[in-house]
Amino acid sequence: MDELDIIPKKKAKPLFEPNIVRRAMKDSVMKLNPRLLAKNPVMFVVAVGSAVTTILLIRNLIEKGTAQELLFEVQITLWLWFTVLFANFAEAMAEGRGKAQADNLKRGRKEAMARRVINGKDEMILATSLRRGDLVLVQAGEVIPSDGEVVEGVATVNESAITGESAPVIRESGGDRSAVTGGTTVLSDWLRIRITVDPGQTFLDRMIALVEGAQRQKTPNEIALDILLAGLTIIFLFAVVTLLPYSIYSVRAAESGKAPDIFSLIALLVCLIPTTIGGLLSAIGIAGMDRVLQYNVLAMSGKAVEAAGDVDTLLLDKTGTITLGNRQAVEFVPASGVNVQELADASQLSSLSDETPEGRSIVVLAKQFGLRERELSDKEVQFIPFTAQTRMSGVNVQGREIRKGAANAVFKFLEEKGMKVSTDVERAVTTIAQSGGTPLAVADNVRGILGVIHLKDVVKGGMKERFQQLRAMGIRTIMITGDNSLTAAAIAGEAGVDDFLAEATPETKMQLILKEQTGGRLVAMTGDGTNDAPALAAADVGVAMNTGTQAAKEAGNMIDLDSNPTKLIEVVQIGKQLLMTRGALTTFSIANDVAKYFAILPAMFGTLYAVSGQPHGPLWALNIMRLHSPESAILSAVIFNAFIIVALIPLALRGVQYRPMSGEALLARNLLVYGVGGLLIPFPAIWLIDQIVVLLHLAPVS
Amino acid sequence: MTLAGWLQIGLFAIVLLILTKPVGNYIYLVLESPDRFSVPLLTPFEHFTYKLFGVDERKDMAWKEYAFALIAFSLVSLIFSYAVLRAQGFLPLNPMHFSTSSAPSYATEMTPDLAFNTAVSFTTNTNWQAYVGEGTMSYLSQMLALAFHNWVSAAAGISVAIALVRGFARKNASGLGNFWADMTRSCLYILLPICFVYSLVLVAQGVPQTLEPYVNAVTLEGKSQLIPLGPVASQECIKMLGTNGGGFFNANSAHPFENPTPFTNFIEMLSIFLIPAGLTYTFGKSINDTRQGWALLIVMYILWFAGVLCTYYFEGKGNPNISQLHVQTQASVLGDNGGNMEGKEVRFGNANSALFAVVTTDASCGAINCQHDSLTPLAGLVPLINMQLGEIVFGGVGAGLYGMLVYAILTVFIAGLMVGRTPEYVGKKIEKKEVKMAMLFVLGAAFSILIFTALASVWNFPEKSYWNAPGPTFANINNAGPHGLSEILYAFSSGTANNGSAFAGITANTPFYNTVVGLAMWIGRFLLIVPVLALAGSLAGKKYTPPTSGTFPTHGWMFVVILISVILIVGALTFFPVLTLGPIVEFFLMKSGHLF
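Heads up: the protein sequence lines correspond to chains A and B, in order.
Residues in the first sequence are numbered from 0 upward in steps of one, following numbering that gives the first Met the number 0.
Residues in the second sequence are numbered from 0 upward in steps of one, following numbering that gives the first Met the number 0.
The following block holds chain B by itself, in its conformation from the complex (with noise of 0.2 Å):
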């Protein structure tokens, strides 16, 4: 760890805490004002857009309507990406002739699981990548099959997240809101003014965007090389705003084209957090007592700061048994290079990549500067907790908002009986079915990590079989020993946490795991969020209960150390049984000298 390390995460933190209120407050003006927000140039896209659906937008739906809309929403949409994977080859936009007959020889065939596979993964914002962009997708298809639904699940998210604000701001009612015009503003209002700015940004960094064909460079030794180009920028910068993570470029934000300079790392980092950060205000300004926003926010920057320092720490510790061959990995005055450098990009150096790392897995990014599968066995424990924790750390765009009121709801459900009333949050009393609804977005995801990654480990399917080519789950992976465990268990912990990076390390391209991937992270989307509606619907039903002396204060330190406890035991004690055979275990045998 150098000091430059930790001014460049203090920084970051510094940076986030001062945009959290304007976007916050930006966020509640777009959704929750009263008199409807508009903007003289955009407006008029929201009137047609409305028209040319044919959506009454001033329509208050109840719950079971809103979940049904974005639900169909997302079965067409996950349709039409399917469609257009599968039909990339007759499509134009196909410089490369990727899935026609003069495809490149590098080319990767879009089968029917990579296609289900990766159109359930942008539809659920998960950004799981089973292909390599640059060797498999059209031009088109990575637009409008994929930068598509960046843009479309990252609205769903906040639609989602604002809906689960209304039942706690709204009293006795029965609507939720209207899902197509959250929707819309969301895109309209939110999304596109901030990507339309950030991707000139990045192209004035060096981020192409492009529809040329790849480039055949001669390179000085005389070799030839072929650079993969493409509309990048426009991509890129929805990929880290609404925490998608889904690189245009198999390297995702370790690639120059995507992540060209630290200026762009700084900011597509900063991207992640943004609008998850901003939601905490616009649940507080809502509600009427933005304390409640920022003790959730106080709480995502402690779990936020332990996972950096965890990460940092022994990252930049590195790996004894390196040190003790006498090869230099101690820290040079200027760069940030000591430590672990396996995996990592020496123009970010240690602490923007274990930064990087521990922000894009908070969050449902799942965008990566460096490679998690080369991360030390502790630092790479930081990213599955993360993603185990269901993404509550800022999270996933909107995401990352209501999971973490989930767990503040069974927080007040704990502990709040031991102040000797019913349990309250923000005025709204906690009772069976809300304590229903937030047990089943808990064990959703505990179910679909644990049983997937249990059958992932164990299946034994027979050599050269369609499901698995490779044979048994196993032989899919490239590492030995508990390494090997943590791969499997990242793959699903990934899935369903909608995250989608990888620590790779693992051959998913198999209709076996795109399936059961696939499952995990409609579960992980789908599965989540329809009780999260319910619980909306049956907190805006109710009536406020105005807070008392004798009521558990929600906005003070005791309910944040509270808070945190409770997410660390409920949530992540589940998982601490497979993490001790996986990074735990593996952590003992390197530190005894064994390596996978």
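One chain only, chain A, in its complex shape (with noise of 0.2 Å):
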């Protein structure tokens, strides 16, 4: 699991908190309830033969029954009981975090007031009657009310209610910045925020509902394997029904032995059909949800994270994403005859008030020459800001004007003074231009081009790695990037990307994911602007940032809480995992049935066709376990399929261990463990229940 863990969960929990467990239990009962046990076939035709045994073992109580055959129904009608209480433990189990994590939602839902402003006057009302359109204050240590923008000011807010991050962020009008969300809590100044959703639809709304599983509808896959256990079920149901007239038959034509009960045919039915995987598939689907909330990811629907687990594109953005996001400077290149110490010293000087990343890596990069960072408030020091028509940024020191900036507005500068540049500082520009680099030149009026500072992106660690792991699983990474192709082609060979789309637009972005999407490839994706919404919208799987836009939000199908689009990978893997599991304990479920025919068969006809005298018939040679007697290996049989159900909780709510690597070895090595094993697991289980029964005198010996 080490693979998962690169960006560490925020809530990792134990698995069995002692407060969820007793909910839980509790939970399990109630779930009893018919109407919902109806939707799930499996687990239904469970509780119908629990039904049946009841009835029967009251009948039987009524009439008197023997000991020892009111002994074993009694049992067996337990068991059948306990097994369908076991599955429903299994959900209530993995509801139970959701639940838990709702409640404390909710808790920070409850009585907020919003200051309303109507005609420049305040009101105060209650946060759950405002509506969209509505505009309100909210003030250093209130809590903001509802979703909106900030239409005015600029804030530090406290998100830790919804992304348990405490760190603060900040809130200003305009720009991506601009969402708030309801439940968080302004910690300075203030914001004035125009209410974007109508009451019981906030964010914090949906997220309650989400977490507390109250909307939970079955997935696609889900409902196609629950047709496959169905199917089983009604299949293994004529098998065992036809069982009964087939041994009257056979009893009439042995002339010995004797049919087998009910108690014994229902024991039978629930063992032979899927209850492991039937029980704990719900469980497995609320699980895998959960799981992609404690990587701190709002899944708006379990269809995302499985349709995740599909994925075969990754659209990644560059910045953020693959690389630390801002460019830069990683070397200076003089001009001929330019000392590297002088060019240093240029550079720095003209980005000390420079207060982009860029500017600063470049007083950091300085620094390596010896060059202390100065104290410039002489009155003589002029800054001249970036604007978008000089293309240049620089100081006027003492008469001296150096400038930095675009390569051919430097060019332009110089060309003013009447100066001439360099060829070797040209060839330096178009090198570090083709090596997917930015060149900035810097120049000064007194001797003109002084060199050029080389800006890179820096692509962030380990994503080589994860890249290539992403590959062995089958899918392909493009890179995203605004830069032109010659940039970006050079970022994507160092990150090891599959691809690239440089100088991407949103219209470019979206042909891009159609074009994947008609070859039959599902996509995923990050984004967070409001020109993001459409592809967002469009990609099977599409993830906004929790900083994001409004629209941005509300196109994708998962928000990630904590703004971080590297995760995109770890929700991929999660949704792998989720379909890995399904298929793992299916595949267990259904190699367990081996075992339990060679336990229940020889029991229900150990006594056909035997010779006079003799306990048992040619059947009991089938008895491969050595079980100790008919009722023994029945109820042996019935007590492994139950509990195996509990014995499987943590891996179903866990999900199975998942490595990344191609089809064939995933498939490799699940099949042992659950295939084989699967079919060999119950044999000594079966064995040893039998030994601890007979143990405690609950089954006669022989």
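No lab work stands behind these hints, which were simulated from the structure alone.
Glycine included, every Cβ here is placed at the ideal spot set by N, Cα and C.
Each hint should be verified, as a subset may be incorrect.
Claimed, not checked - Which chain A residues face chain B? A few, computed with CB under 10 Å, are given here:
(1) Ser159
(2) Ala253
(3) Thr517
(4) Leu577
As the list claims (entries may be wrong) - Straight line, CA to CA, 25 Å or less: simulated PhoX-like cross-link-like pairs of lysine-lysine:
(5) B:Lys431 / A:Lys217
(6) A:Lys25 / A:Lys98
(7) A:Lys217 / A:Lys25
(8) B:Lys432 / B:Lys63
(9) A:Lys302 / A:Lys217
(10) A:Lys257 / B:Lys590
(11) B:Lys431 / A:Lys302
(12) A:Lys514 / B:Lys542
Put the two chains together into one complex, using the hints given.
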């Protein structure tokens, strides 16, 4: 699991928290409601079987069956009910964590008040009565009453109520940081906010509904699996129901033995139908969504998580996902006849007031040349800020005009001064541009061109390895960038992505998605801006950043509360893990049947065709586990069948272990563990239960 | 078991393997190649057929249309056969005067329920025979009511298989091809040329082909013997090639006129598997990945071989109770006649009988060259399981491939999830609809076999009742104990799987058995074909998902192993309980000296 933990989970809690377990136990009884049971065909059959045995048991109690018969019948009935309860418990456990989290969220939602501004006047009203379009004022220390857009003001906001992250974030009007979420708290200053949602539809409301699983719908793959399990259940129902006439025939033909009783037949049925996966299926789905949530990603539907596992193509924004997000100065290339020291000095001077990350990185690089930061408070110093027209910034110091900026802008500046640019500088500019970097020319009005600063996108550590893993999993990564294709190609090569889209616009991004989808591939992407919204909506998995605009958040089918686009990869892995867990437990469940046959069939037919005077007939030879008696054999199989559900709850909740590798390798591994394991494990397990059952005198020794 | 026996089995496997690719290629050419395949001599007939029936052979049919055409065609031809059978007494080519007042004493009456059963049987490619061919059927009935279906039901099977193959091969398509064209082309270009040569070979080997009446011969002891004849060769070849299996004579391929020499025995077995094996290659070629077809073929080979091994081993060992009586049961050096020889032709010996029994039940042929009723218990278990799996080991012409593909879909769905993706098979995503249709397919077969067998094992008819004159249904059984249950189980397995072979030992020509087996055959054919075509329709409409390294590869050994496991666990495990009460308990009883 170490690969999964590159981004640490925020809320790594133990699987079995006492209060969740307590609540789940209560819920598992509540879930015996037939209407809820009917949603799960496999468990419904078990419940009906349990009800039938209960009625028969009551009848036999009244008619006073023998003590030995009653002991067997009571136990079978109890264990059948336990099978249902254990399945309910699994589901309740999976829901438990979400419910606990929802409770926390609900607490934060209560009794918030809002200061609504109408016609320039404030009035205090209940937050829940705010409607879309209302204007509210929120001051330091107050809770933002509902979702909205900041229309005025800048403030720090604590969003821990939603994200669990206590470090404050800045929210301001205009741009991509204008969205605020109801339930978060303004720490400093104030904000004027236009409310964008009606009551009941706030992000918090939706989040509560999602984590609670209130509107949980079965996902497409889950429905398909349900059909398979229902089909298998019906097939085994045929097999068991017809066993009665076959035995009646056989008893008549053998003139010995007796047809199996209803208790044994129902026990056989419950053992054969895929109760293990049937009992755990919904828990797996809920737990999958919960796992996504533990990475602080809010999936709007289980379908989205499932689709994540199927993703073939990942569209990753270069900035912030693949690279650190800011270009950094990595090299000073002096013009001929200029000392590196001189260039560094001029670069530093011109960048001292430059608060952009690029500017700061120049100062940092200059430090390596022994240049300390200087205090420039002299009156003679005049900073020239960057403008879109000049595309240069710089500083005027004691008549010296230092300029740095886009190469042709600086060259033009020199031209105006009547100075020439040496060819080696021009060559350096081209070389840097070709390598994917950004050249910044530096010049002054005294010596002319001084040289070039090489700014470069720095690829995040470990990204190359991750892309390799993704490739092994069969996922193609495409880097999306606004850079020109030269720059893009260089970074793409360095990061090891499979492809890139350069000079990307929302339109080309959309086209790329559609092209991939027409080719039969599923696409995942992240986005935050309003212009990302159409692409987010078109992608099969669209993860919107929580810091993003409202439009983006509504278009995506997941929201990353931490706004960390790299997490897309984790989401994909969780999706895969979800599907794998289903497949693994289905295989395990079906493979289990072989052993159960060998326990129950000899027990049922052990007396057929018996030579008179001998306790067992020829079919007792099929009792290869050497179980003690027919009663103990059937009981052991039923107990195993019930207990395996509980034993697998941790696996269902946590998901099967997942390492990125090729489909074939994954299959081989899982097949060995869950297929072969599922075939073999029940034999010793049932044998052991049989020993215990006999030891406790719960069934006759022979 | 003898070395000579194994050599023959090995030769069979090798020759079949060599023929797979050319046959598959040829079927591809006829049905799937983009430029329409034609043969100078035959193509005019094709066009004439379309013109005669006013068919637009280029119209692409959606799955419902395709299914409707198939079922409508089958129903009409069913009624036609029923009418011919019932009216055979008034129709020509009836030299022995069956169903007339001058019918011979040994003749069986063509009752409505027998005619229904027989018509259904041949329409569904089952060829379950509740009658004795040479004692019931006129030559016209044999040719027009029965052999006719041997052709068209085989062609229909190929058509359905090709429709499913197209479902995989086509992208975003709504149509599955044209049923009438597929039928016509299958008959004309695939079945006809092979049968033409094949029947001449059979004639050369001594199989009769005549419309003359039966011959009355005087034996060496001076007694008179009636020797039945007929247009046997022409019916024999399509009976094997089309995996129909309905013998001209009651003794089927054990009869010297149907299967005179070891050579005919060899090619008869080979012709059962010929088209089913070829179709796996056609499948691979159509989806542009022949490895996928080979993988399915390997699965078939393994399951086939396991069956042969089991049957030949237990037949070779014979019955321990007989060897205890110091009866010579060892195989002689030259012959292959050791072990259990009850119900076998000495001409064929043990290996060729065991092989035939497995081949005929792997495929839905149902022709027999030895009595399956006489097989030792666990050897008899193999034909039962083969049929209960749904005849997917090579299987019926067409039916084998589509059955196997259904299991491939289930396998991919169950195990494919373990790679962490929505399961895909050859580029098509397996989703709700596909799983539903695949499950319906498996459910239909399980229902028919299990429920009908259950009915027939306990239904208490009063004696001399119309439905079942012998009384309770178990009174029709000639053998006591578990063997009787096996006989009932075999009848419904054979009917549902459209196999048509019989364990025999059961009086099946009563209205009850005729009707219920008829129902089983109908369910086993059409109730399973409809989900297959729905599946094909759904698949054809899907887009193609190109495989990545994250996809579950369905051409490797791992897939082969998983597919076999799923077939055995999902397919066979359902029948394990009833099999324990039949052949398995009989095996244990035989070991302790009880025979039935």
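Going through the hints against the structure:
1. With a least beta-carbon distance of about 33 Å to chain B, the hint placing Ser159 (chain A) at the interface is violated under the 10 Å criterion.
2. A cut of 10 Å between beta carbons decides the hint on Ala253 (chain A): the least distance to chain B is about 7 Å, and the hint holds.
3. Nearest Cβ of chain B to the Cβ of Thr517 (chain A): about 8 Å, under the 10 Å cut. The hint holds.
4. About 8 Å separates the beta-carbon of Leu577 (chain A) from the nearest beta-carbon of chain B, less than 10 Å, and the hint is met.
5. Proposed proximity of Lys431 (chain B) and Lys217 (chain A) is supported: the alpha carbons are some 12 Å apart, at most 25 Å.
6. Restraint check for Lys25 (chain A) and Lys98 (chain A): satisfied, since their Cα atoms lie roughly 14 Å apart, inside the 25 Å limit.
7. Restraint check for Lys217 (chain A) and Lys25 (chain A): satisfied, since their Cα atoms lie roughly 24 Å apart, inside the 25 Å limit.
8. The hinted pair formed by Lys432 (chain B) and Lys63 (chain B) meets the criterion: a straight-line CA distance of about 15 Å does not exceed 25 Å.
9. Our distance criterion of 25 Å between C-alpha atoms is met by Lys302 (chain A) and Lys217 (chain A), whose separation comes to about 8 Å.
10. Taking the CA atoms of Lys257 (chain A) and Lys590 (chain B), the gap is about 23 Å. The hint holds against a cut of 25 Å.
11. For the proposed pair Lys431 (chain B) and Lys302 (chain A), the alpha carbon gap of about 14 Å is at most 25 Å, so the pair holds.
12. Of the supplied pair hints, the one linking Lys514 (chain A) and Lys542 (chain B) holds, its CA atoms being roughly 13 Å apart against a limit of 25 Å.
Of the numbered hints stated above, the single one contradicted by the structure is hint 1.
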